[in-house]
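Chains A and B, in that order, give the protein sequences.
My numbering numbers the first residue of the first sequence as 6 and each following residue consecutively.
My numbering numbers the first residue of the second sequence as 80 and each following residue consecutively.
Calculated from the structure, these hints are not laboratory results.
Ideal Cβ placement from N, Cα and C applies to all residues, glycine included.
Do not take every clue at face value.
Here are the computed distance ranges between Cβ atoms for each label pair [to be verified]:
#, chain 1, residue 1, chain 2, residue 2, range
1, B, M234, A, P254, 32 to 38 Å
2, A, P81, B, I218, 30 to 36 Å
3, A, H218, B, I381, 44 to 50 Å
4, B, Y376, A, P254, 52 to 58 Å
5, B, S105, A, P254, 32 to 38 Å
6, B, I243, A, E151, 45 to 51 Å
7, B, Q101, A, E201, 55 to 61 Å
8, B, L177, A, D191, 43 to 49 Å
9, A, Y274, B, I218, 55 to 61 Å
10, B, H303, A, I256, 27 to 33 Å
11, B, L385, A, R197, 34 to 40 Å
12, B, I218, A, P254, 34 to 40 Å
Computed footprint of chain B on chain A, listed as stretches where at least three residues anywhere in the stretch have a Cβ under 8 Å from a Cβ of chain B [said to hold, decoys possible]:
#, segment
13, 32 to 40
14, 210 to 220
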Amino acid sequence: MSAVSPNPGASMPETSVAKTAIHIDNIRMVYQTRGERLVALTDINLDIAEGEFVSLIGPSGCGKSTLLRLIGDLLPPSAGAIEVHGKPAERARRDRDYGMVFQSPVLYDWRTVEKNVQLPLEIMKISRGERSARCRELLALVGLQEFAGRYPWQLSGGMQQRVSIARALSFRPSILLMDEPFGALDEMTRERLNMELLNIWSQTGTTVVFVTHSIPEAVFLSDRIVIMTPRPGRIEHVVEVELPRPRGPEIREDESFFHCIADVRSRLYES
Amino acid sequence: MAGAVTYDEISEFNVAPSRGIQGTLSRWIVNRVLPVATIFIFLIVVWYGAAAYFNWHFLNVQSQDVNPQAWHRLSLAQQIQRSLSTSTPTLPTPVQALGDFLGRVEQSPTSDTAIWSDLLWTVRAAVLGFLLGTLIGVILAVLFMSSRILTQSLMPYVVASQTIPIVALVPAIMITLGLGLRSEVLISAYLAFFSITISTYKGLQSVQPIAFDLMRSYAANPWHVFFKLRLPASLPFLFTGLKIGVTASLIGAIIAEMGSGSSRGLGQVLVAESTYSQNIQLWSTMIAAASLGLALYGAVVIAERLFVRWNVESES
């Protein structure tokens, strides 16, 4: 177990102003497989403010994806509690507080782009007129208006992932949970989508929890970066990203950007 | 095949300059017509070869009893020519079988030798059997999907049912249910349902786990998960099963007719023709059965194009 016991919640900048969106209290996650016990996460404490952009970063097996799934109530924790807007995570999921984006776009092959974006709205019994209005608005937001009638296989990987982001935002969730959404894309597409994501985030004011392997991506996007270490998975450091907003592509050339990357990298490797 | 083609590549393809009508036509002939024609001609040649060989042997043996001198006076070419034109062939030529088939098709439906009433009888049994088989097949697949215990306890019987030789089963069912359409439909459904069950079951299981996570994040109910995710995902698989099932249902109907002793249906016609060694008619009835099978299969393919448009488009 770690000697360092970080308390990320206390180091949050605007604790007094911003309300807490996600409160993670002493989470522990143990996988039990054929008599083998694998401690995936232990001593996880983290507060995420409303409207904040937080990245989870760390080597494979550090449990960052597991933590994201716990927040989204796709898995129940072995111990501890997660509260979202003061409610248990399960309640928050039932209230449709989460929009999820995974590494693969998970589009339904038999639905056109438009129908994919509308899928959650159909399930939530939103009227046809409202559905197509929101769909148009969201496809415009991700720049895919002209592709509304296409099937997923007719789109490139980057376009498919934009559809999946539009789908996640279609029902206006207060929290966006993203599990390495750009991990399978090439560097150029990834940087372009990073920029688009920041624009969307600033327009919608959604709280974002973002899992990534990429240090530059985490630094470019986040307010705070949560650095995790494996065996057992736990939070090692929480780094504030002091770069000004709004951030444009030019910030990638800035010295402060490189400083921040170096800082995150050294903390990742020291742990 | 084209699953990885991106939109960009497609639009590039679209703006590529066309090579004119002549280029398109010659490409169409080389790519489509030539292979189809080659295979067709090859099959016809093989058929003629076989007909000449078998009929020559038969005539050769027969001539020993009748008039050996007359037969041996003929040149080989003449013997072969005779083999291909005999009115009582062991194996009729394509022209003989097809000519007989077209002749029967042209006859008025009320005529005794017309094939229409038997064809319609068989179609009715096969289509009803196919529909019943589809219903049973899909219901079983959904049951298997919804319960592991049910799969483990029912699957052995489903598999065992298909290992029983159908020729043994036909009399058993006929004795129980009596002769007639009801038994025919049941036997046809019996042959059809299995491939539909197995492929639909596989299709319902084909959904990747992460797609269920997505549904969970929408707080979707089981009804939504089934109708908006599992069922559409299973459709391409279902249609694979239907294509196998529809041909099986036709075979089932014909076999049922063969064993039923009834007076109607292609199966009964085949029995009568083989009993009386009417080989030309036998082959022409087989052409009728094959044409019927192709038509039923084609109907399923058309339905697939209507219901599984996304998949058909991505494959073409």
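Hint check:
no., hint, in the structure
1, B:M234 to A:P254: 32 to 38 Å, "violated (58 Å)"
2, A:P81 to B:I218: 30 to 36 Å, "holds (34 Å)"
3, A:H218 to B:I381: 44 to 50 Å, "holds (48 Å)"
4, B:Y376 to A:P254: 52 to 58 Å, "holds (57 Å)"
5, B:S105 to A:P254: 32 to 38 Å, "violated (51 Å)"
6, B:I243 to A:E151: 45 to 51 Å, "violated (57 Å)"
7, B:Q101 to A:E201: 55 to 61 Å, "violated (47 Å)"
8, B:L177 to A:D191: 43 to 49 Å, "violated (59 Å)"
9, A:Y274 to B:I218: 55 to 61 Å, "holds (58 Å)"
10, B:H303 to A:I256: 27 to 33 Å, "violated (43 Å)"
11, B:L385 to A:R197: 34 to 40 Å, "holds (38 Å)"
12, B:I218 to A:P254: 34 to 40 Å, "violated (57 Å)"
13, 32 to 40, "violated (count 0)"
14, 210 to 220, "violated (count 0)"
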